[in-house]
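J.: With chain S held as given, fit chain E onto it using these hints.
Respectively, the protein sequence lines represent chains S and E. Each number in the working numbering comes from the position in the first sequence (counting from 1) with 1 added on. Each number in the working numbering comes from the position in the second sequence (counting from 1) with 126 added on.
You can trust all of the hints, since none of them are fake.
Facing chain S, according to a computed beta carbon distance under 10 Å, are these residues of chain E, among others:
| no. | residue |
| --- | --- |
| 1 | R139 |
| 2 | G149 |
| 3 | M168 |
| 4 | S170 |
| 5 | S174 |
| 6 | H176 |
| 7 | M177 |
| 8 | E184 |
Chain E is nowhere near these chain S residues, computed Cβ spacing over 10 Å in every case:
| no. | residue |
| --- | --- |
| 9 | R20 |
| 10 | P179 |
| 11 | I324 |
The set of hints was computed from the structure by calculation and includes no laboratory data. For each residue, glycine too, the CB sits at the ideal point set by N, CA and C.
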Amino acid sequence: MRIPTQFSIDQVVVGHSARMRAIFDFVKVVSRSDSSVIITGESGTGKEVIANMLHHQSARRHQPFVAVSCALFSETLIETELFGHERGAFTGAIKDKPGRFELAQGGTLFLDDIDDVPLSMQVKLLRALQNREVERVGGTRTIPVNVRIITGTKRDLKQLVTEGKFREDLYYRLNVLPIVLPPLRERREDIPVLIDHFLRRFSRDRGIDVPDISPVVRHAFSRYRWPGNVRELENACERIVQTCTCGTVRVGCLAASVLFGATSLPDAPALPAMEPPKSISLDDRLKEVESNLIGWALKVADGNKSKAAELLNIKRSTLGDRIARCGIAVQNDSSEPMQASA
Amino acid sequence: MLSRERVESVLDRVRPMMQADGGDIELVEVSGNSARIRLTGMCSGCPSAHMTLYMGVEMALREEIKEFEELQVV
Numbered sequence: 002m003r004i005p006t007q008f009s010i011d012q013v014v015v016g017h018s019a020r021m022r023a024i025f026d027f028v029k030v031v032s033r034s035d036s037s038v039i040i041t042g043e044s045g046t047g048k049e050v051i052a053n054m055l056h057h058q059s060a061r062r063h064q065p066f067v068a069v070s071c072a073l074f075s076e077t078l079i080e081t082e083l084f085g086h087e088r089g090a091f092t093g094a095i096k097d098k099p100g101r102f103e104l105a106q107g108g109t110l111f112l113d114d115i116d117d118v119p120l121s122m123q124v125k126l127l128r129a130l131q132n133r134e135v136e137r138v139g140g141t142r143t144i145p146v147n148v149r150i151i152t153g154t155k156r157d158l159k160q161l162v163t164e165g166k167f168r169e170d171l172y173y174r175l176n177v178l179p180i181v182l183p184p185l186r187e188r189r190e191d192i193p194v195l196i197d198h199f200l201r202r203f204s205r206d207r208g209i210d211v212p213d214i215s216p217v218v219r220h221a222f223s224r225y226r227w228p229g230n231v232r233e234l235e236n237a238c239e240r241i242v243q244t245c246t247c248g249t250v251r252v253g254c255l256a257a258s259v260l261f262g263a264t265s266l267p268d269a270p271a272l273p274a275m276e277p278p279k280s281i282s283l284d285d286r287l288k289e290v291e292s293n294l295i296g297w298a299l300k301v302a303d304g305n306k307s308k309a310a311e312l313l314n315i316k317r318s319t320l321g322d323r324i325a326r327c328g329i330a331v332q333n334d335s336s337e338p339m340q341a342s343a
Numbered sequence: 127m128l129s130r131e132r133v134e135s136v137l138d139r140v141r142p143m144m145q146a147d148g149g150d151i152e153l154v155e156v157s158g159n160s161a162r163i164r165l166t167g168m169c170s171g172c173p174s175a176h177m178t179l180y181m182g183v184e185m186a187l188r189e190e191i192k193e194f195e196e197l198q199v200v
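Looking at chain S on its own, in the form it has when it is part of the complex:
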């Protein structure tokens, strides 16, 4: 699963946006409480990070933090997963197994994707939360549990309640302290900080220097929609660190989806000016310009070298020398037009 084994508060990046600062301040306040928290946010916005923070800043931090995604299990499996089962409760239940509630005893239980829990299971969940006790599948005794409940949802639970897909009583039981995480596209000002953070982390893991990033890449990152939110940005940075061969991140290093996604957005702001390169070879640059211009002339002249020389205002023999010096491949004889391809 995607639960970080070693969570540390230092790993969390706050960012500059007012919304995230407000969220982190709120997290500090409510981490002292034992009330239920419900975290709403699109996939990849960091619901589990916030849940981890709540736990690690609370008085329960030396007790277990148990995270479980309710979307991973089928309707029947989720019950045994959360509440556990007794030996012989069903075929294959060869020994007693404690559920996630019991495993989180004294600590925090993070139920992610609560919006995927089927209605029938919601009743059982509500009873467990209200009575603060669970009953293993196939068991008869009730086990008291002391856990703080944090839930995560990608959909608006209130909306699901009106649609009849989520129990109203459970909703109010869970929704004591709501936290809403904005999608990354609504806090674009945090993107640069996040890029630097992830590049530093992945470079350190790989034991290389943090690569420079060209302004154009920053620009593309700031404009892309990031449907996968921070997780997608994190993966994009990991990809860059793993694939960059020249020490500077340029547009070529970007994933195709980011590159094309950033160019297809409407009301695009102007591209940033290109940074002056640290050092260039004048000879190479001149050669590049020269070969580009010769290429252009040859193209316009349909491969006829005499005409091309005229266009460039140089002698036919000089053109021949320069073509040889730049290593331009002239495919056709001077009298024949170049192959038209339209």
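T.: Structure of chain E alone, referenced to chain S:
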């Protein structure tokens, strides 16, 4: 048969960014429903850039031009 203009119009979507970063894509040849491109400038020597642009440009070409067949990076 595919026209150069249609291929160029797809390439033009990424060109401004490539050029701002000191590189470019050159359309070498269109033959049949396939095209050959060349990377020039800053990213031209980078294998990662080749892979990215190869995949990205081919995907974009196939999306916009239904009959598009194959892209080659030379």
